[in-house]
Amino acid sequence: MTVPLPVFVAVPLVTAFLLPLCGDKFKRLATLLANAAVLSLLVLAITTIGRTDSYQVGRWSIPLGINMVLDGLSSLLLLTISVVSAAAMLYSVRYMEQYTAKSKYLSLFMLMLAGMNGVVLSGDIFNLFVFLEIASIASYALVGFGCEHEQLEASFKYAVLGSIASLFILFGIGLVYGNTGTLNMAYISQAIQARGLNHGLTFALAMFITGFGLKAALVPFHAWLPDAHPAAPAPVSAMLSGVLIKALGLYAMARLLFNVFGVSDTVGWVMITLAVLSMALGAFLGIAQWDFKRLLAYSSISQIGYVALGIGMGCVLIAEGNLKWASVALLGGLLHLVNHAVYKALLFLTSGSVEMATGTRRMDQMGGLAARLPFTRVTCTIASASIAGIPPFSGFWSKLILVIAAIGAGFYWIAGIIVLVSLCTLIMYLKVQRYVFLGELPDNLRQCRENKGTMLLAMAALALLCITMGVLVLVPALKSSVLDPAVQVLIDRFEYSARLLAGAN
Amino acid sequence: MPYALCFLLFTIGLLCAVVKKNMVKIIIGIMIMEYAVNLFLIMLGYRLGGAAPIVSPTDVNPEGAIVPQFLASSVDPLPQALVLTSIVIGLGTLALMVSICIRTYERYGTFDITQIRRLQG
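From first to last, the protein sequence lines are chains H and E. For what it's worth, the working numbering labels the leading residue of the first sequence as 7, then goes sequentially. For what it's worth, the working numbering labels the leading residue of the second sequence as 97, then goes sequentially.
Source of the hints: derived by calculation from the structure; they are not laboratory data. There may be inaccurate statements among the hints.
[To be verified] Covered by chain E, according to a simulated footprint, are these stretches of chain H (three or more residues, beta-carbon under 8 Å):
#1 16-26
#2 91-102
#3 131-142
#4 156-162
#5 183-197
Ideal placement from N, C-alpha and C gives every residue a C-beta, glycine not left out.
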């Protein structure tokens, strides 16, 4: 069964406009509808595995019209987004009962989903910007959804920095259009191959790295993330940390670097520097946090550094002509992207479960919750083991591949940093286990109870994925159908434009 | 040269958004950046003595080809479409930010971001 690509944008978009009509009276119907939409997207995303396709919107042929492109990388991202959003949506069924205006929340959630799916499928750089803005504006509103002091402050900070990032990207798009005369990524890539990078395009590239770096919260552009992600409701935090920073930030950056602008040594080292800074700073600042969700947010900065590191190393190695190790580095980066999406979403969901049961996020006011929240405890431990890189959980494999790539390519210091930051991550999550789940149970928390129903189901599904994700690398059939095409898209670089241009003529 | 001025306007907006302490002024700074980018996009398509890129019967010669004068004077319509889209997106962002601003004022009673500091770092 093949579905036309705009379905991935149209389904969440149409649902988003239907949901507010339900109002508060038909809240259950709205919830059902949203879950059905997300689940159907998950099924559709699974069918895209191994498929490459392009779709010309309104049958206008490129470069006049807008096209949507599906290849290995897009399909990997689509799958990740669908899995995380399905779990987050299932979790919201119960969790969001504590807020008012649930159908509006669901509507914003679907808008964000439509934006992200659009970003990963778009083949037109301005269209990518439009989808990016849809997802960003919905996420600003979702961060401030609680309308309490902290949420509003965080939302404003996020909205300001996010808008600045978007404007940087738009300025870059203007420069690219002025210098190449086209907005279609395949044609831009062709123009750059023919004429090389001039000053305008180099400046545009710098603008893109700043803009997408801000969206991806790489250090030094990370200031908004530790405020915005904890302030949002737990399922939204899971979406933001799990997929939004990757789809909007790193995916777009990787696509532009590898498939449009072409890689160079300088850009690769810029990426590696940003990545190493993010990894180290995120981990060190994270250890010092006492707010549960804030610690998770800092850890997101640190983990997004790993993904950027894989991409940066790939960039440098391709520029040096070392394709073999470049593909290993990219494989590590992309696998870590998927892994991080799953376990960080799970961690944010468990933090929401703890917050719902105890009413606080301060870790120094908790303790001994292992007895009261056994299920949350088990899933949180699985996710922590995963993120700390303990075999055989998922995080171990991606970190292992990254270390192998770094050693194989001769970057021994990078391998050292990866291991060191991994150790810091372990300390961070031992702290979570120690202060939240072990130790003395404070008297005021003796009454707290485990959450029930769909929340547990969502957490169990993600925990299961955390345990079994290792098969993605270990089983050759899965690796060659899911991960390898995504890596191949980045390795092949200009094949992307060649394929689309051949299809157009 | 006009492009450089455009970029200057962009940096003025950025400076305003980064330096100012008042939430409303920060929003104004972001809008200045927004307009700088819009101006830049519209200048990309600017052409001295340009005409609307719509082919009328007088622009076609008897063989059915478009006359060279039309090609020499018609402007590029794409930047205008981009600017329209970008203005609409800017409106959405502005509306959201102003409403966050109003709600924040209701909670804190001030627009001064140095006093709105419940979150550290």
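Verdict on chain E covering the segment 131-142 of chain H, criterion of 3 CB contacts below 8 Å: holds (count 3)
Outcome, coverage hint (the segment 183-197 of chain H, chain E; C-beta under 8 Å; three residues): Answer holds; 3 residues pass the 8 Å Cβ test.
Taking 8 Å as the Cβ threshold, is the statement that the segment 156-162 of chain H is covered by chain E upheld or broken by the three-residue rule? Answer holds; 6 residues pass the 8 Å Cβ test.
Quick check: the segment 91-102 of chain H, covered by chain E? Criterion 3+ residues, Cβ under 8 Å. violated (count 0)
Whether chain E covers the segment 16-26 of chain H (at least 3 residues having a Cβ closer than 8 Å to its Cβ atoms): violated (count 0)
In summary, the structure is inconsistent with hints 1, 2 from the numbered list given earlier, while agreeing with the others.
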